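Participant: Read top to bottom, the protein sequences are chains A and B.
So for the first sequence, the numbering used here puts the first residue at 1; every next one is plus one.
So for the second sequence, the numbering used here puts the first residue at 1001; every next one is plus one.
Read the hints as simulated data drawn from the structure, not as lab findings.
Every value quoted in this text rests on a predicted model; they were computed, and no experiment measured them.
Positions of the beta carbon are idealized from the N, C-alpha and C atoms, including for glycine.
Just to be clear, a hint being listed does not mean it is correct.
Computed footprint of chain B on chain A, listed as stretches where at least three residues anywhere in the stretch have a Cβ under 8 Å from a Cβ of chain B [said to hold, decoys possible]:
1) 31-42
2) 80-91
3) 98-105
4) 111-119
5) 315-325
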Amino acid sequence: MEKNISMNNLKKLFFSMYRIRLVEEEIAKRYSEQEMRCPVHLSIGQESTAVGVSYCLKKSDKVYSSHRSHAHYLAKNGNLKSMISEIYGKSTGCIGGRGGSMHLSDLSVNFMASIPIIGSSIPLAVGNALSEKIKKKKNISVSFFGDAAIEEGILHECMNFASIKNLKVLFVCENNQYSIFTHLNERQPKKRNIEKIASAHSIASKTIDASDVTQIVNGTQEALKYIKKNSAPFFLVLDTYRWKEHCGPMNDDHLNYRDKSENDKWIKKKCAIKSLDNILIKKSKYWPSEKIKIEKQIKKEIIIAFNFALKSKLPSSKDSWRHVYA
Amino acid sequence: MPKKKILTTFAEAINQAMITEAKLDPTIIFIAQGLTDPTGVFGTLKNLEKNIPKNRLIEMPTSENGALGIAIGAAISGMKPIVSFHRMEFALLALEQIINNAAKTSFLSEGKLKVPLVIRLIIGRGWGQGANHSQSLETIFSHIPGLKVIAPTFPGDAKGMFLSAIRDNNPVIVIEHRWCHYLKDNIIPSNYSEPLIGAKIVKKGNHFTVLCVSYMVIEALIAAKYLEEIGIFIEIIDLRVLRPLKLDKVFKSINKTKHLMTVDLGWTLFGVGSEILAQVFCRDAIHLKKPPIRIGMADKPTPSSRGSIKSHYPSSEKIIIEIGKSLNIDLLKIKKVLKLLKKNSSPIDVPNNSFKGPF
């Protein structure tokens, strides 16, 4: 699948995924210091979905996300210092510390909003697409949500609407199979394929194994081509896996709610970063040394970002009275 | 030169406000079920198709929460949506988007995203509307920071305030009482704006301050007419704007009359009256001569039958009785007045004698 993607771009994809991984690991590492005083939903294990999709987007395309938004924010080129500061509740955060990890937003890169209520940001993406259609603009609206959103009425309302109004929406369902501790099979009919829900709304769709980021890139490009050609929405299902607990910095596998074999499969065999690393090793003998350089560069950036956040000031309570009304 | 005024209903007034403004502002879009129906949401959206390009008329599938979320998404990306619900209760399905997103997007973007959005909620009354088509839930919305809530009563206010609501960069909930739609007044045909601040004194009087929400102003006006027969002059205040709540005129009036009655459209428990009375008591400057009176809808779901709605909705009769009691008026005098009121009243379940629907 990587055939269509240049060596340089494969490296970019690796960089982007690896950067998210290292940022999230740093958050996990420092979380116990109790300076990041808000819930965090880490994207470790799910980096490829955000990176693969955003790699295909233009800056002017709009992205909407949910509670697990760090990867989406960074993949859309959201500023790292602003994100870490936001999680630290500092005035230098992307929205001045008033949102925390669950409300990331950076309009300078058209990362519009993250809403932690399941399904809540989906209609915003659809409404944005409606607005683009009225204004005769070509931008795509992207809505990221998890498999639990399938259980929310609002997703179906939005799919139905986007379908009948021919809106340029890319629905991205990141299926990590778990809603907190509850497996998909306990929440949705076992025999039902998520993709079929899209076809029931007359929306074109595709399911991709997210352990291969190049497949996501190819699938997204195909989806975007379809959206532009047909002025119609597209629905991507990306099968992925959350490595850490639903909310927080820890592993929670000792709670035994997930099969050990399933866990091993996704973490040991289906890590998208490791898979791309293997491809790059095969392609270039210089890659291992390049990777060390990349790692160094990212770690340096992370330390700078965390130091920036730590040194930044907390916002005043007076400030939080601003912007309640426009 | 003053423009010639024309007899206009509330429904026609807001229809004019919306169409005139939408013709001038291409970012205004309309979202509703049955948007271009022959009846067009009780006539309030009549003639939209003739005046506004089709791509700005968004016929909405039966998806209330989706409709609101989509409207918010459109609003933050440059549109000014006007969303209409035929009954307030349908908006209960959209509370998630109204409270989580409409009210908070400005705050959560440090003011970089704006939500210029009008949400029209219509309250039904009478003609068997029953439990789920007659509720006055305006306090739910008034509770939420980030929303504005207005409830104009008269055609003139409705037109001016509607225009301000459309031009406002915040989500504005417009409470429209279905019986207000039929009220007529002489107003100027062109558009004008009326700021979304504060109450309005509808009738001056020295004996009692009666603060009303929406259609309750009409009930109070009827009561005032009969109370005058026995020498009682009430001051009627139309609250008009529930959020932001500004009560200067109310405080001033109470200082004069030393008596206060609040008339809620909905239930009194945790109602508009509760908030007003709390604010009155939290101001030590105000001393009432008698305990204030708080009336509203009976504390039960609305029955459909006209047999059972007697004394369910707050009425002019109730206003007269309670004021009479508070001022120690001779019961015989009150009874005489009530007899007269009854003689002139229309049936209990319609706004006036000529009313034949639609409902």
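Participant: So, for every hint listed, does it hold in this structure?
Facilitator: Each hint tested on the structure:
no., hint, result
1, 31-42, "violated (count 0)"
2, 80-91, "violated (count 0)"
3, 98-105, "holds (count 4)"
4, 111-119, "holds (count 4)"
5, 315-325, "holds (count 4)"
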